[in-house]
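Protein chains: 2
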Amino acid sequence: MAEGGWSYRDAGVDLDAAERAKEGLRGLVARTRDAHTLSGLGSFGGLYAVPDGVEGPVLVSSADGVGTKLKVAFLAGRHDTVGQCLVNHCVNDILVQGARPLFFLDYLATGAMDETVVTDVVAGVATACLENRCALLGGETAQMPDFYADDEYDLAGFIVGIVERERILDGSRVRDGDVVIALPSSGLHTNGYTLARRIVFDHMGLRVDDEFPELERSVGDVLLDVHRSYLPPLWPLLEDDLLHGLAHITGGGIPGNLPRVLPEGLGASIDRTAWTPPALFRVLERAGGVDRDEMYRVFNMGVGMALVVAADKADAVRTRLEAAGEEPRVIGSIMRGDGVAWSD
Amino acid sequence: MAEGGWSYRDAGVDLDAAERAKEGLRGLVARTRDAHTLSGLGSFGGLYAVPDGVEGPVLVSSADGVGTKLKVAFLAGRHDTVGQCLVNHCVNDILVQGARPLFFLDYLATGAMDETVVTDVVAGVATACLENRCALLGGETAQMPDFYADDEYDLAGFIVGIVERERILDGSRVRDGDVVIALPSSGLHTNGYTLARRIVFDHMGLRVDDEFPELERSVGDVLLDVHRSYLPPLWPLLEDDLLHGLAHITGGGIPGNLPRVLPEGLGASIDRTAWTPPALFRVLERAGGVDRDEMYRVFNMGVGMALVVAADKADAVRTRLEAAGEEPRVIGSIMRGDGVAWSD
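So the sequence lines, in the order shown, correspond to chains V and S.
So for the first sequence, the numbering used here puts the first residue at 4; every next one is plus one.
So for the second sequence, the numbering used here puts the first residue at 4; every next one is plus one.
Since the hints were made in silico from the structure, they are not lab data.
Just so it is clear, the structure is predicted and the values come from calculations on it, not from any experiment.
Hints may contain errors.
[Unchecked claim] According to the in silico footprint, chain S covers these stretches of chain V (three or more CB under 8 Å from chain S):
id: 1; segment: 55 to 61
id: 2; segment: 92 to 100
id: 3; segment: 183 to 194
id: 4; segment: 207 to 215
[What the hints assert, rightly or not] Sample of chain V residues at the chain S side, in silico, Cβ under 7 Å:
id: 5; residue: Gly48
id: 6; residue: Ser65
id: 7; residue: Asp67
id: 8; residue: Gly70
id: 9; residue: Thr71
id: 10; residue: Phe77
id: 11; residue: Leu78
id: 12; residue: Gly80
id: 13; residue: Gly114
id: 14; residue: Ala115
id: 15; residue: Phe161
id: 16; residue: Pro281
id: 17; residue: Ala282
By construction, the Cβ of each residue, glycine as well, lies at the ideal position given by its N, Cα and C atoms.
Same shape as in the complex, but just chain V (with noise of 0.2 Å):
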């Protein structure tokens, strides 16, 4: 106890360190706003007018977390990456019903309130919202000591995006047929990070500096690879209504995800040889020793995003998103049943 008497800054509590960490990313934040943003940082709730001209809209929100990818960051003393991951996770979840963005809000849990790391977590979360045309509008930062450790924090993000009603993709447009098209990953994304953990750093028993197997990476930056966006390559294809149906592939692999967005009495016959996951999936694979089938239902195993298109868009969609930059890869095809087939 403080001489005279507790305060809330001698119970661990810093209300000014919160207020300056926040200050200091208005600039940051406003950019991320536009016209329909009504609110200041600093009002109760923020403000966002529905936009204009949406025949029907309807509004797709998700809450997602970012896991314990938060540990590599920890290690790695790295922490501008992780909230681009968990807003580029927010935005890949509600593409796949046909939404795009309209804002986010983050929630920010720590044990101190280290300025620095709030300010470079919460830089990337606006980064991404900058890249994906979606405003930041508004957050918690919770400081909680005996929570948390003192340089740890948990982060997680809400994010509320729009469709016509008549566009949302809710697999009935999918068809007996369709082609599924593969997106590339861009490493773990979010997902089994405490199994990759385990292996990693327990059992090959490799730092955080270290140079990971086959890869002339550090681990730290291989495990951090920001989780992408494909609302860029997406959008347009959307638009043009050239899609049937997306699948977010994220815990659970392929066969947990692309079922999700299948009519009933419909499923996938997927080859994974059409495809060669990357080195890292590999690495993961032999040095934990981890059954194949267990690895495609952990990981993404380098497929992020799985479209399905009709048989004759196929080769324009793929045509399309090569133009993009992109390197779509066809992996299997609709049929009746149900679930993930392996051709294999």
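Starting from the known structure of chain V, arrange chain S on it as the hints suggest.
Same frame as chain V, now just chain S:
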């Protein structure tokens, strides 16, 4: 390492348990939904149709956590109230801008996936959503072993509400001479728990099952009292345009929150003798030797919501609130200046 290689379950993540917990809540969650809710559980994002008939619709959104009130829930082994606190806190945060809730998403991060605890927490969230006519549209339940202790978790939430553009409460209606009316809080709400826990558990040496001094209830029960929602008593007054401003009294107390809803050039004079803080606050102040002004900066001191009302409408507002079972109390008035001046 498990015999024959690693699996995700060996690494501490039980995807099936998370599914089972969510499955058990399907019925309760379904009850929170309405005709605008277009998606079921399990889709990537939740779908919510923008309601018709709202002139110039503006979305109001807020993110919040429960803070270290969760520590009290852990000590008491009682997990069904914190979700209610979270939802009601968020409802109040958008209510003060004139908005009614549309939907809510939660983020629950745990060490181990204890199905009973997860079910209790989310049941609390769903119960409060139902009470506030707010759809529980989605959420994320993250298993983060090595991150949270097995029997601990963090809980955050995100709300989206709607208001007509012309009816946004943004301070512009507040006038010199307006009256400030207080509505009672239901305990500490979700603020000041780091300090309160230090005083109660460390300094006073109480345990969660002990009787709280001056109150014939246990420490756990007193500290876990549900943060109440002010939507039911205040919504009819908002619909009838009787309120110039509303301030949700959270961290920072009256001086930290009331000025946030006042326009430039206006402040408030508050008479602390106009109400008696409940015994809970007096015990904390005395036992902790906390400075009186610090008490009013950290805790709500018995005032959970402050209404700013035209002087000639104050009696009508009080009468209507009393008819709704509330105990409104005039505690001050708006005057030229800035911030809050204590008039006692």
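Results of checking the hints against the structure:
Chain S is given as covering the segment 55 to 61 of chain V, and this holds because 3 residues of the stretch bring a CB closer than 8 Å to a CB of that chain, at least three being needed. Under a criterion of three residues with beta carbons nearer than 8 Å to beta carbons of chain S, the stated coverage of the segment 92 to 100 of chain V is upheld, 4 such residues being counted. Here's how the segment 183 to 194 of chain V fares: 0 of its residues keep a CB closer than 8 Å to some CB of chain S, so the rule of at least three is not met and the hint is violated. Counting residues of the segment 207 to 215 of chain V whose C-beta lies closer than 8 Å to any C-beta of chain S gives 0; at least three are required, and the coverage claim is violated.
Of the supplied interface hints, the one on glycine 48(V) holds, with its beta-carbon coming within about 4 Å of a beta-carbon of chain S, less than 7 Å. Against a cut-off of 7 Å between C-beta atoms, the interface hint on serine 65(V) holds, since the closest Cβ of chain S lies about 4 Å away. This hint holds: aspartate 67(V) has a C-beta 5 Å from the nearest C-beta of chain S, less than the 7 Å allowed. This hint holds: glycine 70(V) has a C-beta 6 Å from the nearest C-beta of chain S, less than the 7 Å allowed.
Below 7 Å, beta-carbon pairs count as interface contacts, and threonine 71(V) has one with chain S at about 5 Å; its hint therefore holds. Of the supplied interface hints, the one on phenylalanine 77(V) is violated, with its beta-carbon coming no nearer than about 10 Å to a beta-carbon of chain S, more than 7 Å. A least Cβ separation of about 12 Å between leucine 78(V) and chain S goes past the 7 Å threshold, and the interface hint is therefore violated. Of the supplied interface hints, the one on glycine 80(V) is violated, with its beta-carbon coming no nearer than about 17 Å to a beta-carbon of chain S, more than 7 Å.
A distance limit of 7 Å between C-beta atoms decides the matter here; for glycine 114(V) the minimum to chain S is near 11 Å, and the interface restraint is violated. Hint on alanine 115(V) is violated. Least Cβ distance to chain S is approximately 12 Å, over the 7 Å limit. The interface hint given for phenylalanine 161(V) is met, as the beta carbon of that residue sits about 4 Å from the closest beta carbon of chain S, less than 7 Å. The beta carbon of proline 281(V) is not positioned within 7 Å of any beta carbon in chain S (closest approach about 19 Å), and the interface hint is therefore violated.
Checking alanine 282(V) against chain S by beta carbon gives a least distance of about 18 Å; that is not within 7 Å, so the hint is violated.
In the structure shown, a violation is registered for the earlier hints numbered 3, 4, 10, 11, 12, 13, 14, 16, 17, in ascending order.
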